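The task is simple: from the sequences and hints, build the whole structure.
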Amino acid sequence: MRRQATCNLLATLSYPPWPKSLDREVYMTPGGEERVPFHVHVRRSHISTVPLQYSGALSAFCQLPEELQSYILDLCSDSSLFQLMHTSSKLRIEASKVFWGRKNVYFSVEAQWLLNNAYPGYSYWDTAFLANVQTVQVEYEPTISWKICRKRGETREVQHALLDRFWASLHYRFPNARTVIINHDEEGTSWADEKEPFPLALQLLLRACPKGITSFVLFLEKMALCMADTADWRTAAWQRCLFQQTETGGWHKSESDSIRKIVLMPPRQFNGPVGLFRGIGYQSYYTIRLQHFGLWVLMVEALDRYYFDMGRKTSFACPFSSCTADFYQGGEWTVHAANTHYQEWEGLLEILPNTREAAQLRIRSDALDQKKLDVQAQFREIRDAWTLGDKVTQREIKRSWVEQLNRDPSWDTEERGEKNGLWQEFIEALHPSY
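For the sequence shown, my numbering begins at 181 and goes up steadily by one.
In short, the hints are calculated from the structure, not lab data. It cannot be assumed that every hint is accurate.
Stated by the list, open to error - Derived BS3-like pairs (lysine-lysine); straight-line CA-CA distance at most 27 Å:
hint, residue 1, residue 2
1, Lys391, Lys327
2, Lys402, Lys375
3, Lys375, Lys433
4, Lys391, Lys283
5, Lys599, Lys578
6, Lys402, Lys441
7, Lys391, Lys277
8, Lys441, Lys391
9, Lys331, Lys200
10, Lys283, Lys441
11, Lys391, Lys433
12, Lys433, Lys327
13, Lys441, Lys277
14, Lys283, Lys270
15, Lys433, Lys402
16, Lys551, Lys200
17, Lys200, Lys493
18, Lys433, Lys283
19, Lys402, Lys331
20, Lys402, Lys327
21, Lys327, Lys375
22, Lys375, Lys331
23, Lys327, Lys599
24, Lys200, Lys441
25, Lys571, Lys599
Everything numeric in this text was worked out from a predicted model, so none of it was measured.
Below, the structure is given as structure tokens:
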């Protein structure tokens with residue numbers, strides 16, 4: 181993990197009094213940001229049913245004024261609202277309004293997908309789901325800035341078509357979007373006017389935002405220090421800031437809201453030979469990897485809670501032999517681990533106390549390692565079937581792919597059949613010299 185990501189990590193970690201059990205799933209990006217899969221977002225904490233005698237109370241609730249109903253529903257958890265949306269015909273509409281209107285829940289989508297015209301074939305997500313979303317976080321790779329603002333010698337050429345395509349794709353796939361945050365989660369590269377708070381490409385994207393959508397940039401910046409000229413990436417402190425365009429064309433800066441929840445949308449169906457191949461990418465990038473990084477969060481929390489949870493107040497020394505820090509209060513180790521040991525992942529699992537929680541974390545780590553091996557074996561099987569197969573075998577594989585790409589619109593890209601970009605990706609991944 182990069183030093184710049186410690187501000188994200190500090191926001192993802194849990195502190196005393198610890199509100200959640202260690203027996204939970206945490207998904208975290210390599211940049212330290214937590215992501216919540218949709219199935220986790222709407223999962224009930226316990227199994228419950230509504231007794232028949234409560235049906236009268238439900239009917240009475242529906243007789244309340246709409247304002248009072250909305251107020252009560254707004255107090256419900258997301259999982260409760262989701263259950264009502266699928267079990268109560270009387271409350272389905274109102275529960276749906278509250279569920280999708282939550283202002284602290286954002287659904288994640290990749291900027292590059294929008295710039296590629298948001299074809300369904302290139303998406304790992306259920307595109308039908310997107311139409312309900314009102315709050316969107318767009319994951320923005322820094323390389324996109326160079327695509328929007330191309331350098332030609334000493335000049336820059338702004339690709340206005342990309343700006344239009346970005347917002348047109350977003351409006352098409354998210355017709356109910358009301359708020360959009362463009363998340364730039366890496367250290368800013370140099371741009372022409374250093375007096376500006378963030379790159380020109382991001383400024384242009386915000387200025388091109390259509391009416392009816394409130395847009396922000398979430399930007400990673402180095403904090404101002406008294407001796408900034410002596411600070412470098414190894415010691416500098418970083419922070420996330422939100423920027424919004426003002427009525428006068430300037431930029432309003434505010435602190436990032438740490439209570440925002442970023443949700444991964446439900447995955448698409450990975451059927452047929454195309455789905456088998458694309459499902460490997462989904463498992464690799466969005467399931468195994470994010471859970472692997474999330475284990476570090478749980479390991480840090482497990483050690484802190486071993487000494488300071490449930491009324492315990494036992495000071496302890498940093499478990500890393502190269503470190504001399506001591507901790508006397510709950511939470512001190514957690515902050516220290518993020519700021520100092522953010523690159524030491526593997527060693528922490530081995531030095532956890534011999535507890536049931538630590539044993540469970542080791543089991544989960546081993547299970548993820550095995551799952552990674554299984555996915556790699558699955559990829560090798562697909563690769564070998566093509567690269568080691570004869571012409572007849574290759575023709576059959578190609579026929580099955582082209583047939584699915586032609587008949588299933590959920591895999592559409594800019595071209596059809598063997599010109600479909602997914603078939604091209606498949607060939608390049610399995611046999612680059614083909």
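(message) If you test the structure against every hint from before, which numbers come out violated?
(response) Checked against the structure, the only hint that fails is number 9, while the rest are satisfied.
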